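Colleague: Spelled out from the first residue to the last, the chains are:
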Amino acid sequence: AQKITQTQPGMFVQEKEAVTLDCTYDTSDPSYGLFWYKQPSSGEMIFLIYQGSYDQQNATEGRYSLNFQKARKSANLVISASQLGDSAMYFCAIGDGQNFVFGPGTRLSVLP
Amino acid sequence: DVKVTQSSRYLVKRTGEKVFLECVQDMDHENMFWYRQDPGLGLRLIYFSYDVKMKEKGDIPEGYSVSREKKERFSLILESASTNQTSMYLCASKFTTGVSYEQYFGPGTRLTVT
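Heads up: the protein sequence lines correspond to chains L and G, in order.
69 is the number that the numbering used here gives to position 69 of the first sequence; each next residue is one higher, with no gaps.
Position in the second sequence (from 1) plus 1000 gives the number in the numbering used here.
Isolated chain G, as found in the complex (with noise of 0.2 angstroms):
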């Protein structure tokens, strides 16, 4: 079984503060990950990386950004949290190659910025 996990599942954090949310995945997938979720909009890309070192704007990615040392890893960082940014966040990958491959999903992360 393809297991992806995220570092924690409730965050609180302070407005201004540094957050780091962790994605680890075990099946040695290229493609990961990092969306939000907010009631009524479904899901948004924020970012995504296709090999270690790189990435790739999403959607939104203002005021994140995102690190992938390590194929297993991709972390998404708010420089300065902001209420705005309280939302659900999921990280999720995928193999690579062909359109057929559905992405596996971490348990989400629920980050409340105060």
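The following block holds chain L by itself, in its conformation from the complex (with noise of 0.2 angstroms):
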């Protein structure tokens, strides 16, 4: 069975700073993604970031980046230069080409 762990329920992080997410990983399939989303106040689920396990290169997106220790289990998410508009919950997902399974989250806000 997969599983995702996110150890942080709350961060901060002040305005135009770095953060880091941690998220930790358990699998037994040698294939699968790991996925970052982010749901803002308004509800929506957005993807972010896509790191796949056979990549040799961490993921990047804009002022996202994936920071992917497959040794370790490891693949936090980077967010250079905070925003505002970065304050939201942000879900941690593995998955394995059908199924799915998210972490509990981490709940980010960003202070001016």
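Source of the hints: derived by calculation from the structure; they are not laboratory data.
Be careful, since some hints might not be right.
Said to hold, decoys possible - Just a few of them, taken from the derived set where beta-carbon distance is under 8 angstroms, the chain L residues facing chain G:
#1 F12
#2 G43
#3 Y64
#4 A88
#5 Q98
#6 N99
#7 F102
What the hints assert, rightly or not - Derived SDA-like pairs (lysine to any residue); straight-line CA-CA distance at most 25 angstroms:
#8 G:K1003 with L:Y54
#9 G:K1003 with L:G85
#10 G:K1013 with G:V1052
#11 G:K1013 with L:A88
#12 G:K1003 with L:V19
#13 G:K1071 with G:Y1050
#14 G:K1003 with G:E1017
This one's a predicted model, so the numbers in the text were calculated from it and none came from an experiment.
Virtual Cβ for every residue (Gly too), placed ideally from N, Cα, C.
Assembling the complex is the task here: the two chains are given apart, and the hints tell you how they should meet.
Modeller: In structure tokens form, the structure reads like this:
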């Protein structure tokens, strides 16, 4: 069975600073994908970034990057230059092609 | 743009009622999913479907059933609603092949059972 752990229920960051949201996972599948989603207070789930288990390079999408450490089973999300609009819940998820498992989420608050 | 729509944003039902939550996607995705979201627990998978008339139980299927008669539509049914089913329900869809395809989510239905 797959499992996602997010140990930070809440985080604060000053506007324009970088922040790292932690995610560790457990799986016995050799092939899997790791995803990060953002959920603002309006409730919609917004896809941010994807990392494949066989990808050699860390994924980047604009201000988002994924620090993938396969041996440690870690897939931390790094947000650079935080903005007020980044305040939201952030979910890490692992997928094997059909099934997805989500973590409990981290609530990020960006301070002006 | 992928569109996943859900029939209601907010729903209030009484204990014992039969409740239908509808989800429609317009991108010809094979896979569709129903989750419930509760604070501190993240999203938990109730059921998913990988094709018309095909379904698989997720982590918390008890008290729920699903129907997928057409590829674009996936319905979640609460046979006899109970107060512990008060939650946010999220529908999602994705292409079936490969691990790289992300899920696209609907706006969610906040269900209150009184």
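Colleague: Could you work out which earlier hints the structure fails to respect and list their numbers in ascending sequence?
Modeller: 1, 3, 4, 8, 10, 11, 12, 14
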